[in-house]
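There are 2 protein chains.
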Amino acid sequence: MRMREFKLIEKASKIFAVERDDILIAAGEHDAAIVKIGGKNVVLTTDNLHEKADFPEGMFPEEMGHMALAVNLSDLAACGAKPMHFLYTITIRDGIDDEFFERILDGMQKLAKKYDVAVVGGDIDFGDELYISGFALGVAQRIVTQANAKVGDGVYLTGLLGKAQLSLEQLFSGKKREEIAYPQSLFTPEPRINEGLELAKHANSMTDISDSLAISLNLIAEKSNVSIVLDYDLLPLDHLTEFVSLHKALELFLYAGGDYELVYTSKKKSYGFEIGEVVEGEGVWMKKGDKIDKIEFRGYSHL
Amino acid sequence: MRMREFKLIEKASKIFAVERDDILIAAGEHDAAIVKIGGKNVVLTTDNLHEKADFPEGMFPEEMGHMALAVNLSDLAACGAKPMHFLYTITIRDGIDDEFFERILDGMQKLAKKYDVAVVGGDIDFGDELYISGFALGVAQRIVTQANAKVGDGVYLTGLLGKAQLSLEQLFSGKKREEIAYPQSLFTPEPRINEGLELAKHANSMTDISDSLAISLNLIAEKSNVSIVLDYDLLPLDHLTEFVSLHKALELFLYAGGDYELVYTSKKKSYGFEIGEVVEGEGVWMKKGDKIDKIEFRGYSHL
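First to last, the protein sequences are chains A and B. Be aware that the first sequence starts at 1, since it is given in this note's numbering, and climbs by one per residue. Be aware that the second sequence starts at 304, since it is given in this note's numbering, and climbs by one per residue.
Here chain A stands alone, though its shape is the one from the complex (with noise of 0.2 angstroms):
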């Protein structure tokens, strides 16, 4: 699916292909858009979330309205934008009922206030299953896309990776959502908003790590025209290998999604810690010993 997803896109920026002043960085290029409105770099983002996808067993409404947020916001964070306004759209399907509705909005606007975003609209309506839209506008100074990483930078990542698809699994395999290793990563994930401005002053390149560490950094790679070699002795693997074989663990660092940690590319650290660098070439590879492996463009799907 995530491949068709990927062509689907590319034909839709073919279609929608526009060459207007006010576009800086359109549709299919980046994880947001980004426009000139009165002087100010004003970047938009809309994602949807629904129920069968999106939402594991269990969840409860108040982390279903956070993600939807959340995944929006985090997308404005690849940009290194403030996140300043929100829209939503909700279809609700027999058993949601008031309160589970409300409940949905009350987790949406805890996390809305922690970053001081205004949820100005919505619109609701009825269908079989639960939808949840979102659409996101924040401010950038700075812009920093995925396509401008330099020769003889340093690669780096803001967290560990792999949480989310890990407890997803344990929850798959039978486990109470009390028992999972990282319920934080899977229900309640943190956009990384603060680091997303921070890096946007020196960054080279930056998105995040929302299908896999893989697509994040073949996209960076390709869109920039280098090549990005990782070094195996730097990956954290730990937090995983704890729970699962280190074959495994090393699966989930770079293929799986969900995190909504942000990579990037800079001359200098200033949150998180290296994995790799930026050379001259193409394609993401790893080396390990003497050994060099070619880090393929796919990922697998949240659930």
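Read the hints as simulated data drawn from the structure, not as lab findings. Glycine included, each C-beta is placed from N, C-alpha and C at the ideal position. Accuracy of the hints is not assured; some may be wrong.
[Unchecked claim] FRET-style restraints, in silico, Cβ to Cβ:
| hint | chain 1 | residue 1 | chain 2 | residue 2 | range |
| --- | --- | --- | --- | --- | --- |
| 1 | A | 97 | B | 585 | 31 to 37 angstroms |
| 2 | B | 573 | A | 113 | 40 to 46 angstroms |
| 3 | A | 201 | B | 307 | 46 to 52 angstroms |
| 4 | A | 36 | B | 585 | 41 to 47 angstroms |
| 5 | B | 536 | A | 10 | 55 to 61 angstroms |
| 6 | A | 97 | B | 570 | 44 to 50 angstroms |
[Unchecked claim] DSS-like cross-link-like pairs, simulated, lysine-lysine; straight-line CA separation at most 27 angstroms:
| hint | chain 1 | residue 1 | chain 2 | residue 2 |
| --- | --- | --- | --- | --- |
| 7 | B | 317 | A | 113 |
| 8 | B | 343 | A | 114 |
| 9 | A | 40 | A | 113 |
| 10 | B | 551 | B | 594 |
| 11 | A | 150 | A | 52 |
| 12 | A | 110 | B | 339 |
| 13 | B | 314 | A | 113 |
| 14 | A | 201 | B | 355 |
| 15 | A | 52 | A | 11 |
| 16 | B | 526 | B | 571 |
| 17 | B | 551 | B | 355 |
| 18 | B | 416 | B | 385 |
| 19 | B | 571 | A | 110 |
| 20 | B | 417 | B | 504 |
| 21 | A | 82 | A | 113 |
| 22 | A | 36 | B | 339 |
| 23 | B | 504 | A | 36 |
| 24 | A | 36 | B | 385 |
| 25 | B | 416 | A | 11 |
| 26 | A | 175 | A | 52 |
| 27 | A | 7 | B | 416 |
| 28 | A | 11 | B | 413 |
| 29 | B | 343 | A | 201 |
[As the list claims (entries may be wrong)] If you want the footprint, here are the derived chain B segments under chain A, 3+ residues with CB under 8 angstroms:
| hint | region |
| --- | --- |
| 30 | 312-321 |
| 31 | 348-357 |
| 32 | 379-391 |
| 33 | 400-406 |
| 34 | 418-428 |
| 35 | 581-590 |
We have chain A already, so just place chain B on it with the hints.
Same frame as chain A, but now just chain B:
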């Protein structure tokens, strides 16, 4: 459903209540939110459509794309805003192939080009039903809302009402799409963008007719603390009585939605025709000879 929706929107407005200098009009108060960015009045709106509730049988994919954009542009028109940018989310179900998807986007882009709207972003996922959410951003010179109708204003409509619902009911009763009275009103309604831009220069209040004239006028009366009196003799019904009884025609004109026309109050008319006046008091009424009837806050859903 419509009444539950209004109740939930009220709850949402309380949960998301916020006082901030950059928020001129917030959620639930109007057709769209209006915020200040870089000195501009930026109008933000979102609307969600899905197959079972919003797309009549036999609708072409291009028309679905048209409608997803049109419904959002109509909200911008209602605020007298020039539409600038659009983002969408699409949930694709089994049976929707790449060609069908592209035809949806083609329909969207055709309408976008007509009004110089840039489609700058989107999100694609997969589920059990076709969903299209839209988010539109526009810029308004002068802010017109539902809240400022003045005693002595005339009440004007930009076009005829009841055509979409009449056509839909003909479709339900077994007519083919070539045989229904007003296919364009049903399948490719035209948002009143240019009219909205002109009307915003002098209208005291304005809104679009998304649900029904009755609901739109009741919202204006309530938010402006005035009463609105329609003159039965001014209501154009011939385009409906050609097909249905006078009683049914009046019901369609007052209580049906889907026609995307604007209703406005002003000291002068610059588009459309007069249907009544703004007076002191409360509620919405219709004068017919010596009789005066209350126009209730109700509509009936599009499908």
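Tested hints:
The hinted window of 31 to 37 angstroms between residue 97 of chain A and residue 585 of chain B holds, with their beta carbons roughly 32 angstroms apart. At roughly 43 angstroms, the beta carbons of residue 573 of chain B and residue 113 of chain A sit within the given window of 40 to 46 angstroms. Roughly 47 angstroms separates the CB atoms of residue 201 of chain A and residue 307 of chain B, a value that falls within the hinted 46 to 52 angstroms. One distance hint, 41 to 47 angstroms for the beta-carbon pair residue 36 of chain A and residue 585 of chain B, holds here, with the actual separation near 45 angstroms.
For the pair residue 536 of chain B and residue 10 of chain A, the supplied restraint of 55 to 61 angstroms holds, since their beta-carbon distance comes to about 57 angstroms. Evaluation of the 44 to 50 angstroms hint for residue 97 of chain A and residue 570 of chain B yields a pass: the beta carbon distance comes to about 47 angstroms. With a C-alpha separation of about 14 angstroms, the suggested pairing of residue 317 of chain B with residue 113 of chain A holds against the 27 angstroms cut-off. This hinted pair checks out: residue 343 of chain B and residue 114 of chain A have alpha carbons roughly 26 angstroms apart, not beyond 27 angstroms.
For the hint pairing residue 40 of chain A with residue 113 of chain A, the CA-to-CA distance comes to about 23 angstroms; that is within 27 angstroms, so the pair holds. Between residue 551 of chain B and residue 594 of chain B the alpha-carbon distance is near 19 angstroms, which keeps this suggested pair within the 27 angstroms criterion. Taking the CA atoms of residue 150 of chain A and residue 52 of chain A, the gap is about 40 angstroms. The hint is violated against a cut of 27 angstroms. In summary, the hint linking residue 110 of chain A to residue 339 of chain B is supported, as the alpha carbons are separated by about 23 angstroms, within the 27 angstroms threshold.
Restraint check for residue 314 of chain B and residue 113 of chain A: satisfied, since their Cα atoms lie roughly 17 angstroms apart, inside the 27 angstroms limit. For the hint pairing residue 201 of chain A with residue 355 of chain B, the CA-to-CA distance comes to about 47 angstroms; that exceeds 27 angstroms, so the pair is violated. Note on residue 52 of chain A and residue 11 of chain A: the hinted pairing holds, with a Cα-Cα distance of about 26 angstroms set against a maximum of 27 angstroms. Taking the CA atoms of residue 526 of chain B and residue 571 of chain B, the gap is about 21 angstroms. The hint holds against a cut of 27 angstroms.
About 25 angstroms separates the Cα atoms of residue 551 of chain B and residue 355 of chain B, which keeps this hinted pair within 27 angstroms; it holds. Between residue 416 of chain B and residue 385 of chain B, the direct Cα distance comes to roughly 13 angstroms. Compliance with the 27 angstroms bound is thereby established for this hinted pair. For the hint pairing residue 571 of chain B with residue 110 of chain A, the CA-to-CA distance comes to about 46 angstroms; that exceeds 27 angstroms, so the pair is violated. Proximity of residue 417 of chain B to residue 504 of chain B is assessed by CA-CA distance (about 22 angstroms); at most 27 angstroms being required, the pair is judged to hold.
At roughly 13 angstroms between alpha-carbon atoms, residue 82 of chain A and residue 113 of chain A fall within 27 angstroms of each other, so this suggested pair holds. Among the hinted pairs, residue 36 of chain A with residue 339 of chain B is consistent with the structure: their alpha-carbon atoms are about 14 angstroms apart, no more than 27 angstroms. Proposed proximity of residue 504 of chain B and residue 36 of chain A is supported: the alpha carbons are some 25 angstroms apart, at most 27 angstroms. Restraint check for residue 36 of chain A and residue 385 of chain B: satisfied, since their Cα atoms lie roughly 15 angstroms apart, inside the 27 angstroms limit.
With a C-alpha separation of about 17 angstroms, the suggested pairing of residue 416 of chain B with residue 11 of chain A holds against the 27 angstroms cut-off. Only pairs whose Cα atoms come within 27 angstroms are accepted, and residue 175 of chain A paired with residue 52 of chain A is accepted, the gap being roughly 19 angstroms. Distance hint between residue 7 of chain A and residue 416 of chain B is fulfilled; the C-alpha atoms sit about 23 angstroms from each other, no more than 27 angstroms. Between the alpha carbons of residue 11 of chain A and residue 413 of chain B the distance comes to roughly 15 angstroms, so the proposed pair stays at or under 27 angstroms and holds.
For the proposed pair residue 343 of chain B and residue 201 of chain A, the alpha carbon gap of about 26 angstroms is at most 27 angstroms, so the pair holds. Counting residues of the region 312-321 of chain B whose CB falls under 8 angstroms from any CB of chain A gives 6; the rule of at least 3 is met. Proximity of the region 348-357 of chain B to chain A, defined as three or more residues with a beta carbon under 8 angstroms from a beta carbon of that chain, is established by the 7 residues found. Using a Cβ-Cβ cut-off of 8 angstroms, 4 residues of the region 379-391 of chain B lie near chain A, which meets the minimum of three, so the contact claim holds.
With a cut-off of 8 angstroms between beta carbons, the region 400-406 of chain B has 3 residues touching chain A; three or more are needed, and the interface restraint holds. Interface restraint, the region 418-428 of chain B with chain A: holds (8 residues with C-beta to C-beta distance below 8 angstroms; minimum three). Judged by the Cβ-Cβ criterion of 8 angstroms, the region 581-590 of chain B is not covered by chain A as claimed, because only 0 of its residues qualify and three are needed.
Of the hints listed earlier, those the structure fails to meet are numbers 11, 14, 19 and 35, in rising order.
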